[in-house]
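A.B. asks: Given next are the chains, with one letter for each unit.
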Amino acid sequence: MKELRMHGKGGQGIVVGGETLSNAFLNAGKFLAVMPSYGVERRGSDVTAFGRLSDEPVRENCMCYEPDYLVIFDPSQLKKPATYKGFVPGGVIVACGTDPEEVLSMGVKPSKLVMVDGIRIAYEVTGNNLTNMIMCGAFCRAVPELPMEALLKAIEENLPKNFQKTSILGAQRGHDEAVVYTYEIHGEHSKKAPAWTRHVLACREPEKPRYEAPWGNGAEKIVTVDTGTWKVVRPVLTEESCIRCGICATYCPIQCIRKGEDGYFRADLDYCKGCGVCAYECPKKALTMVQESEFRKA
Amino acid sequence: MLKVLSSNEAAAQAAKLARINVAAVYPITPQSQISEDVSKMVARGELDCDIIEVEGEHSVMSSITGAAVAGARVFTATSSLGLAYMNEPMMFAAGMRVPMVMVDVTRETSAQRGISTSRQDAASTRDCGWLEIDPADGQELLDSILMAYRLSEDPEVLLPTMVVSDGFFMSHLYEPVDVPEQEQVDRFLAPVSERRRTQFSDGKAMQFALSLSGKDYIQYRYHTLKAIDHVKEVFPKVEKEFEEIFGRSYGGLVEEYRTEDAEYLLMTNGSASGMAKNVIDAARDAGIPIGLARIRMFRPYPREEVVRILRGKKAVGVIDRSICLGWNCGHLFQEARAAIACEENMPKMLSFIDGISTMDITREHIELAVGMTVAAGNGEPVQETNWLSWE
Numbered sequence: 008m009k010e011l012r013m014h015g016k017g018g019q020g021i022v023v024g025g026e027t028l029s030n031a032f033l034n035a036g037k038f039l040a041v042m043p044s045y046g047v048e049r050r051g052s053d054v055t056a057f058g059r060l061s062d063e064p065v066r067e068n069c070m071c072y073e074p075d076y077l078v079i080f081d082p083s084q085l086k087k088p089a090t091y092k093g094f095v096p097g098g099v100i101v102a103c104g105t106d107p108e109e110v111l112s113m114g115v116k117p118s119k120l121v122m123v124d125g126i127r128i129a130y131e132v133t134g135n136n137l138t139n140m141i142m143c144g145a146f147c148r149a150v151p152e153l154p155m156e157a158l159l160k161a162i163e164e165n166l167p168k169n170f171q172k173t174s175i176l177g178a179q180r181g182h183d184e185a186v187v188y189t190y191e192i193h194g195e196h197s198k199k200a201p202a203w204t205r206h207v208l209a210c211r212e213p214e215k216p217r218y219e220a221p222w223g224n225g226a227e228k229i230v231t232v233d234t235g236t237w238k239v240v241r242p243v244l245t246e247e248s249c250i251r252c253g254i255c256a257t258y259c260p261i262q263c264i265r266k267g268e269d270g271y272f273r274a275d276l277d278y279c280k281g282c283g284v285c286a287y288e289c290p291k292k293a294l295t296m297v298q299e300s301e302f303r304k305a
Numbered sequence: 005m006l007k008v009l010s011s012n013e014a015a016a017q018a019a020k021l022a023r024i025n026v027a028a029v030y031p032i033t034p035q036s037q038i039s040e041d042v043s044k045m046v047a048r049g050e051l052d053c054d055i056i057e058v059e060g061e062h063s064v065m066s067s068i069t070g071a072a073v074a075g076a077r078v079f080t081a082t083s084s085l086g087l088a089y090m091n092e093p094m095m096f097a098a099g100m101r102v103p104m105v106m107v108d109v110t111r112e113t114s115a116q117r118g119i120s121t122s123r124q125d126a127a128s129t130r131d132c133g134w135l136e137i138d139p140a141d142g143q144e145l146l147d148s149i150l151m152a153y154r155l156s157e158d159p160e161v162l163l164p165t166m167v168v169s170d171g172f173f174m175s176h177l178y179e180p181v182d183v184p185e186q187e188q189v190d191r192f193l194a195p196v197s198e199r200r201r202t203q204f205s206d207g208k209a210m211q212f213a214l215s216l217s218g219k220d221y222i223q224y225r226y227h228t229l230k231a232i233d234h235v236k237e238v239f240p241k242v243e244k245e246f247e248e249i250f251g252r253s254y255g256g257l258v259e260e261y262r263t264e265d266a267e268y269l270l271m272t273n274g275s276a277s278g279m280a281k282n283v284i285d286a287a288r289d290a291g292i293p294i295g296l297a298r299i300r301m302f303r304p305y306p307r308e309e310v311v312r313i314l315r316g317k318k319a320v321g322v323i324d325r326s327i328c329l330g331w332n333c334g335h336l337f338q339e340a341r342a343a344i345a346c347e348e349n350m351p352k353m354l355s356f357i358d359g360i361s362t363m364d365i366t367r368e369h370i371e372l373a374v375g376m377t378v379a380a381g382n383g384e385p386v387q388e389t390n391w392l393s394w395e
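These protein sequences, in sequence, are chains A and B.
For the first sequence, this note's numbering gives the first residue as 8, with consecutive numbering after it.
For the second sequence, this note's numbering gives the first residue as 5, with consecutive numbering after it.
By construction, these hints were calculated from the structure, which means they are not laboratory data.
Among these hints, one or two may not hold up.
As the list claims (entries may be wrong) - In silico DSSO-like pairs for lysine-lysine, Cα to Cα no more than 27 Å straight-line: (1) A:K168 to B:K318; (2) B:K352 to A:K168; (3) A:K160 to B:K230; (4) B:K208 to A:K37.
Stated by the list, open to error - Just so you have them, the derived chain B footprint on chain A, three or more residues with Cβ under 8 Å: (5) 40 to 46; (6) 68 to 81; (7) 197 to 208.
What the hints assert, rightly or not - Here are the in silico distance ranges between beta carbons for each label pair: (8) B:S114 to A:E156: 47 to 53 Å; (9) B:N349 to A:K199: 45 to 51 Å; (10) B:I55 to A:P167: 29 to 35 Å; (11) A:Y130 to B:L6: 33 to 39 Å; (12) B:K244 to A:V186: 55 to 61 Å; (13) A:V284 to B:D131: 29 to 35 Å; (14) A:T295 to B:I55: 24 to 30 Å; (15) B:L6 to A:A220: 53 to 59 Å; (16) B:D190 to A:Q298: 53 to 59 Å.
Since we're looking at a predicted model, the values are computed, not measured.
A virtual CB, placed ideally from N, CA and C, is assigned to each residue, including glycine.
Bound-form chain A, shown alone (with noise of 0.2 Å):
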């Protein structure tokens, strides 16, 4: 039994993602459970998944703590460090991304680490952020018991024809294009001991919350979703070309532009989720979407 966990984004088809990879694993003679979870969904928002992989019919339904492989779909995950919580010493970790130190200096020691540029072969092969079949690709590449035969064929069966091209020269470029580092791992990861030797007689009682039922204090400020971390794409402004007319603030779904000293309207960052719609909306064309992989690089 081995645990794998996957880490990405909303709207970049890690359902669809390890759905395939379960097909693919069936292909193989194995038996690959998977279960997504990303609450309330939205593009954008942070998704986990959970497998495990056996040569038998796999009987939890559980989250995994442990992972022997990390397959992270978004170079936004790879500085997190709960991509990484309790991901075993000598297991394998595929990652989307150029450079091994930024996953190394995480602390984890994998035995082997593959790394591929996804976000610039998705949008090279679908014009979007869509990596799950590129990572699929740069999965076989790692895992020597998943045949990337094994993966095309999964994808040709199960996923629509529509999809089909893109998918499939999506996984091949993930898997031809991957750097597959090697690292050797000294020592032996030790389990924890059975909770059963804990020796408890009573849990604990949780503390009295708050209120005296789920209400929250209006004069507060109120907190909310990290909605900033959701975007691909951030808008960015041309001074020279905007007349400041407001348009922007007025379309922003989020309300999350707002009139700043000099006159100009300008997002939070820490709420925009780079939709687009006031680059769309504005009649200067000033706001322009740029990559968040341009800032990650500055």
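Starting from the structure of chain A, add chain B where the hints point.
C.D. replies: Then chain B, alone, in the frame of chain A:
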């Protein structure tokens, strides 16, 4: 043939294989995929079924009740607040002795608002007069839906059946599922028209859901109760016949796992059972004589089976995904404790509440439940009800 399906997709496949005639659907997370899949099958011409579009779950249940009375094989799926909203017509369906199958994909109830897992929704309908089957994975869900139609339409039963699928931990888990051939299913499930005791015919006026009082009222109540109880005899036969055709069976009303020489037991239902079996294997390897009783049928409650399995054990730890608000314990615990209470040397009973909202019933939590159950069996003063999420 093995196909990678989520439990939701497996449920829709089962409905199609059962050749349902009428479905009424209203979307709700985490069930929506079932409604969508059934609708797509109809739109593509793969399934000859009328879809009734309605404005809410109350009408879902009311409309398919009418269709079932008229002789159709009907289907629907719902969750959480949707199930709560159809509570009233659910009681009608049971009292009118209408055969039908509904999948409840479990989800927490409000407030606090949330869309994650809990079996509070299903538990809240336990006295509606419905039968309740609790499969543990997608394969068993598909198979249980087929068995549910057989059971529900049995002329000596004629009761609606709810098949419960754990939200997200089953509904959104993709794994290989063996989808039977239509020809096999047709052998197992005769067309509904051949199975009904009460038939509509031209020129014959009939009334349903009459207003009754006094002994007439309680007479029907009593007969409904007897029919529910009778299911305990019918279900093992249905499962045996299922096994003969499909080669799969799940152990009757209560599945026993390594119980024969067990001194301690865990009790679960639904999706938590697979990990519980793994923990039990590990505990056995460590020398702890423990087994698992998995409740597969919650209504009727298999009290005789439960007593037989629990009798003579030192302690039983029951893991629940729902809470009896008013008695700090879970529903499985409450019923098992009631069933075993008349036994001499009754085992020490413990209630563990876990897996509610986004909380997972983890290996570690189940290991902790094993430790506390063993401690209780050895006479240590263990607290009766424990919420594992706080440890």
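A.B. asks: Taking the Cβ atom of B:I55 and the Cβ atom of A:P167, is their distance within the range 29 to 35 Å?
C.D. replies: Given range 29 to 35 Å: violated, Cβ gap about 22 Å.
A.B. asks: Is the Cα-Cα distance between A:K160 and B:K230 27 Å or less?
C.D. replies: violated (53 Å)
A.B. asks: When you take the CB atoms of A:Y130 and B:L6, is the distance between them in 33 to 39 Å?
C.D. replies: holds (36 Å)
A.B. asks: Can you tell me whether the CB distance of B:N349 to A:K199 sits inside 45 to 51 Å?
C.D. replies: violated (36 Å)
A.B. asks: For the hint 29 to 35 Å, verify it against the beta carbon of A:V284 and that of B:D131.
C.D. replies: Taking Cβ atoms as reference, A:V284 and B:D131 lie about 51 Å apart, which means the hint is violated.
A.B. asks: Per the coverage rule (Cβ-Cβ under 8 Å, at least three residues), is the stretch 197 to 208 of chain A covered by chain B?
C.D. replies: holds (count 9)
A.B. asks: So does B:K244 sit 55 to 61 Å from A:V186, Cβ to Cβ?
C.D. replies: holds (57 Å)
A.B. asks: Take the C-alpha atoms of B:K352 and A:K168, compute the straight-line distance between them, and say whether it is at most 27 Å.
C.D. replies: violated (58 Å)
A.B. asks: Given as covered by chain B, does the stretch 68 to 81 of chain A meet the bar of three residues or more with CB within less than 8 Å?
C.D. replies: Held - the stretch 68 to 81 of chain A has 4 residues with a Cβ nearer than 8 Å to chain B, which meets the minimum of three.
A.B. asks: Could you say whether the range 47 to 53 Å given as a hint is met by the Cβ separation of B:S114 and A:E156?
C.D. replies: holds (49 Å)
A.B. asks: Using the Cβ atoms, figure out if B:L6 sits within 53 to 59 Å of A:A220.
C.D. replies: Roughly 48 Å apart at Cβ, these two residues miss the hinted range, so it is violated.
A.B. asks: Using a Cβ cutoff of 8 Å, are there at least 3 residues of the stretch 40 to 46 of chain A near chain B, or does the coverage claim fail?
C.D. replies: Answer holds; 6 residues pass the 8 Å Cβ test.
Hints 1, 2, 3, 4, 9, 10, 13, 14, 15, counting from the list given before, are not met by this structure.
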